[in-house]
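Trainee: Below are the chains, spelled out letter by letter.
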Amino acid sequence: MNEIIIMVMMTFGALFVLSTAVAMLTKPDVYLRINITTKTATLGLGLILLSAAIYFQDYSVTTRVVAIILFIFLTAPIGGHMLMRAAYFTKTKKWDGMKIDDLEGQYDAETKELYSENKKSGITPKSADKDENI
Amino acid sequence: MSIYDYYNYVILPILGISVILVFIRFLKGPSIPDRVIALDVLILIAIGIIAIYSMQNDQSTFLDIAMLFALIAFLGTVAFAYFLIQRSEKDE
Chain A
1 MNEIIIMVMM
11 TFGALFVLST
21 AVAMLTKPDV
31 YLRINITTKT
41 ATLGLGLILL
51 SAAIYFQDYS
61 VTTRVVAIIL
71 FIFLTAPIGG
81 HMLMRAAYFT
91 KTKKWDGMKI
101 DDLEGQYDAE
111 TKELYSENKK
121 SGITPKSADK
131 DENI
Chain B
135 MSIYDYYNYV
145 ILPILGISVI
155 LVFIRFLKGP
165 SIPDRVIALD
175 VLILIAIGII
185 AIYSMQNDQS
195 TFLDIAMLFA
205 LIAFLGTVAF
215 AYFLIQRSEK
225 DE
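Taken in sequence, the protein lines are chains A and B. At position 121 of the first sequence (counting the first as 1) the number is 121 in the working numbering, and the numbers step up by one without a gap. At position 55 of the second sequence (counting the first as 1) the number is 189 in the working numbering, and the numbers step up by one without a gap.
To be clear, the hints were calculated from the coordinates, so they are not data collected in a lab. Heads up, some of the hints might be wrong.
Claimed, not checked - Quick list of in silico lysine to aspartate or glutamate cross-link-like pairs, EDC-like style, CA-CA up to 16 Å:
1) A/K126 to A/D101
2) A/K99 to A/E110
3) A/K91 to B/D198
4) B/K224 to A/E104
5) A/K91 to B/E223
6) A/K91 to A/E104
7) A/K91 to A/E117
8) A/K126 to A/E104
9) A/K27 to A/D96
10) A/K91 to A/D102
11) A/K93 to A/E104
12) A/K112 to B/D192
13) A/K112 to B/D225
14) A/K126 to A/D96
15) A/K99 to A/E117
Computed from a predicted structure; not experimentally measured.
Build out the structure end to end from the sequences listed, making use of the hints.
Mentor: Quick look at the structure:
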């Protein structure tokens, strides 16, 4: 019974990690790629690590696994947000099909402050050609 | 099929294929944030491989290395983001 639970959880985790890898190749944009990796990779890793906890059935292993999962769940969105902010500041090119960009011109170019009213003079990354990033 | 065969013939090949796909993005990536996020995902997949390897060998000690890798992934991403912002300020 335990083996079946471990197998199912591991398979789902590995498939989520595989979907992350496929999305890394097929998404057209830096921002979309960072958005993908902070969601599916953490879920897949959580499933794989939980199956390790079920396999060992030991308090020390379970606490270690819970610590790793909590750490990844806390730090992956923070790292993704920091990296996406840095990519926006360095004017990495956007996808051509992006319709709405609410941050366009709202970041001050020198102080890196975010304004909420219509400023429209700050940092604006250009949109790339369609085939350039794929 | 025992669970040990299942590790070897199903789970590890899936993770290996995903490592190869992410590594292609790491080599191709047009901008630096692409490469940084690919490195982050590579380390996250390595954590999964370490967890499966520790199950295969009945050695729970390997999970300590997985915790270390999670720390290194976060520190690397934050350091690269900070470096990118600093460099863009220097250029202006």
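Trainee: Which of the numbered hints above does this structure break?
Mentor: Hints 2, 3, 4, 7, 12 and 15 are the ones this structure does not satisfy, whereas the remaining hints hold.
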